[in-house]
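*Asks:* Now for the letters of each chain:
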Amino acid sequence: MLRYLGARLAWAAAMVLGIAIVAFLITHLLPGNPVDALVGDFPAPPEYVSKVRHLFGLDQPLPVQLWLYLINMAHGNLGFSFLSRQPVLSLVLARAGTTLLLMVPSLILASLIGVAMAVRAAASHGRMLDSALTAVSLVGYSIPVFWLGQILVVIFAVDLGWLPAEGIRSLREPGSGIGAVLDFLRHFALPAFCITVYYLAVVARVARSSMVEMLHQDFVLTARAKGLSERAVLWRHVLRNGLIPVITVIGYNFGYSLTGAILTETVFAWPGLGGLFVTAIANRDYPVLSGIFLLAAIAVVLANLATDLLYAAVDPRVRIAAAVRA
Amino acid sequence: MTGAAGGGAILEVHALHVTYESAGRTVHAVQDASLSVAEGEAVGIAGESGCGKSTLARVLLGLVPARIAQIRNGRIAIGGVDVTGFAGRDWERVRGQPVAIVFQDPLSFLNPVMRVGDQIGEAVRRHDPAATVPARSAELVDLVRLPRSALRRYPHELSGGMRQRVMLAMALGCRPRLLVADEPTTALDATTEAEILTLLRELRRELGMAMLLISHDLGVLRWNCDRIYIMYAGHTVESGATAEVLSHPAHPYTRGLAAAARLARLPDGHFAMIGGDVPRLERPARLCPFLSRCDAAMARCHEAMPPASPAGANGHRARCWLVAPAHREAI
Ligand SMILES: Nc1ncnc2c1ncn2[C@@H]1O[C@H](COP(=O)(O)OP(=O)(O)OP(=O)(O)O)[C@@H](O)[C@H]1O
Ligand code: SF4
Ligand SMILES: [Mg+2]
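If you read the sequences in order, they're chains A and B. The C-terminal position of the first sequence is numbered 491 in the numbering used here, with every residue numbered one higher than the one before it. The C-terminal position of the second sequence is numbered 333 in the numbering used here, with every residue numbered one higher than the one before it.
Rather than coming from a laboratory, the hints here were simulated on the basis of the structure. Don't be surprised by glycine CBs; every beta carbon is placed ideally from N, CA and C. Any given hint could turn out to be false.
[To be verified] Computed Cβ-Cβ distance ranges for the label pairs, DEER-style:
hint, chain 1, residue 1, chain 2, residue 2, range
1, A, Arg482, B, Pro67, 23 to 29 Å
2, B, Pro67, A, Leu294, 17 to 23 Å
3, B, Asp191, A, Tyr306, 45 to 51 Å
4, A, Arg285, B, Glu159, 31 to 37 Å
5, A, Ile273, B, Pro136, 34 to 40 Å
6, B, Gly210, A, His381, 33 to 39 Å
[To be verified] Derived list of chain B stretches under chain A, where covered just means 3 residues or more per stretch with a C-beta under 8 Å from a C-beta of chain A:
hint, region
7, 111-118
8, 123-137
Build the full structure now, drawing on both the sequences and the hints.
*Replies:* In C-alpha cells form, the structure reads like this:
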C-alpha cells in the first residue's frame, strides 16, 4: 500500500510538471498579441512597445521564457498579471478560494443526497419513487444552468425579493459575526442550488444504476438469507458495493470543481475563478491564464489521487491488484 | 407424496406450484412438488439442471425475486407455521433461524468488500443476541475447521473450499434447525467436495440439525441422505429411503438417472443425457411430464396425470402409471 502510494505521488508530480509546460505553451500559442492588450488600442511608439516587451520578458525566446516560468513556479512565483500587476498566485488563489466556497459544499450536498436518493430508488425499483427520481435527475441533467439560474433570480430575487440576485456579500450592510454568515448564506443559496441540482442529477443517475445492479448480485441473497432487514441489506451490503463506480464520478466532479462553476459564477456574479478567467481571456493576460490552467489541472491530479486512495479503501480487491502492480 | 418421517416435521411442502413471470413469458419452474423433512433428518433432492431445485430451495426462505416469482398453488409449512402467504418482513422470522441456506458458488454469494469475520458476525448478532460476537465467531470458524485468521480475510483471499466453509459458518451462526444446501459442492474440485461433505456430515451429527441437500449427483446424495426426492420438470416424481429408491427405482426417469450415474459423469459434472427433450415449462403439465422421453409409456399415460402411489418398502412412492393401483389392477 505504501509503495503504491509513493508511486501514485510520483506519478502525480510528473503530471503536474507536464501540465505546467502544456499550460505555458497553450497560452503562448493563443492568437493575439499581449502587448496590444497592455499598451492599448492607440498606436504606440516602437520604443515604448519594446520597453514593455522587455519588462515582461516577452522578447526572450520561448524556451527561455518556459525555463524562467518553471524556475519561478518552483518558488511559488507564477508571475504578475499584465493587467493588474498583482502576483498571479495570490490573485488566482484568492479567487479559487471563493469558487471552492461555492463548489465544495454544493458537491458534498449533491453527492450525499444523490447517493441516498439512489439507494432508496433502487430499493423501490419500478415503483413511484424510482420513476420520480429518474425524472428529476433527467430534468436536473438537461436544464442549462444559466437558464435555471436566471429563472431562480427572477423568482426569488426580483419577484419575491427574498434573496439577493448576485455577489457574495451585501455591499451596504455586510454585518459582522452571525449576521455576516447569514448574509453569506443568503448569497450562497441560489448559485449553490443551481450547482447542487446539476451534480445531484449526475451522481444520482450513476448511483442508481450501480445500486440496482448490486441489488441483483448473489451476495445480496446471502445477506437476506441471514434474516437481515431490507434496510440493513441496502445500507450495509448494497451501498458499499454500489459506491465503487460512484466514487469515480464524485472524484471527477471534485477534480473539475475549480472550472466547473464558470457559468453559474457568471450568472450570479460570484467573484470566483470564473470572472478572473473571462477577464484574463478578454485581455490576453497570459500569466493569469497559465496560473488558472495550472491550478485547475493540479486540482484534477489531486482529485484523481484521492479517488484512487478512496477506491482502495472501499474495495479490498483494488488494494490487492494495486499492490501487485506497484 | 409426503415423506414417511415420524416425529415433528421442520419442513412440509405440499403440491407447490411456483412461476416466474418476466418479459411476458411465464416459466412454471416448480409445478407440483411435495416433500417433508423431519427434525434432524437429512433429505436429498436430485434432478437435472433446470428442473426447479434452486427455485424450490429459495422459495422456502422467500428468496425468489418478489416481483416476478409467485406461489400459484400449494403450501409450505416451516416448523408447523404456514409461510405460504408470507411477504416482506414476515420472512425475517424464517431466514437464518429456523432455516439457513448455503449456495452453490461461495465467491459470488459472499460480499466482496466485507471481511469474513464481519459477515459471520452479522449472522451471530442477528440470531444469537446473548453471544459475544468475536468469541462466537471464533467458535464458528473452529467448528468449520478454518484457521481463526480467516476472520480477518476478504472472500477473494480464500480458496473455494475455505469460502464454502465460511458460508457454512455463517449459516451455523444463525443456529438453524434446518440447513438447506443448494449444490454446495458443485463449484469445488473432487477432493474439496469430499472434505466439505464430510464436514457437513460431522456437523449434522454434532448439532442434530436437519438438512435438505440438493445435488444433481446421486452419489453425493447416496452417502449423505436418509431419504431422497427425485425431481423432474418441477414435479417430485419419486421419493423414499435413499438406498431403496436408488437400488429399486420405480419411475422410468429415476431408472434413467441411476443408469446414467453408473455409466459416467460428463466433464462438467452433470449426468450423461437421457434421450429426448426436457418439456417446456411455459405451461403446466397436464400429463406425466416425462411422457415425451419415456420408453415405458402406455395408453393411460396419454389420458391423465399419474397419482403418487406406493412403489416399494419404507415409504417408497412414485408418480407413474406403472405403479399406480389402477394399472396394477388392469394387468
Ligand atoms: N429469476 C428467474 N426468472 C425467470 N426464470 C427463472 C428464474 N430463475 C430460474 N428460472 C427458470 O426456472 C427453471 C428452474 O430453474 P432452477 O434454477 O430452479 O433449476 P435448478 O434445478 O436449480 O437448475 P440447476 O441444476 O441448473 O441449478 C429454469 O427453467 C430457469 O430458467
Ligand atoms: S406415467 Fe407413463 S409416461 Fe410417465 S413415467 Fe410412468 S410410464 Fe412413463
Ligand atoms: Mg440450481
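*Asks:* None of the hints should be skipped; say for each whether it holds.
*Replies:* Evaluated hints:
1. A:Arg482 <-> B:Pro67: 23 to 29 Å: holds, 27 Å
2. B:Pro67 <-> A:Leu294: 17 to 23 Å: holds, 19 Å
3. B:Asp191 <-> A:Tyr306: 45 to 51 Å: With a Cβ separation near 49 Å, Asp191 of chain B and Tyr306 of chain A satisfy 45 to 51 Å, so the hint holds.
4. A:Arg285 <-> B:Glu159: 31 to 37 Å: holds, 33 Å
5. A:Ile273 <-> B:Pro136: 34 to 40 Å: holds, 35 Å
6. B:Gly210 <-> A:His381: 33 to 39 Å: Given a distance of about 36 Å, which is inside 33 to 39 Å, the answer is holds.
7. 111-118: Our answer is that it holds, as 6 residues pass the Cβ test (under 8 Å) against chain A, meeting three.
8. 123-137: Holds: 4 residues of the region 123-137 of chain B have a Cβ under 8 Å from chain A.
When each numbered hint is compared with the structure, no violation occurs for any of them.
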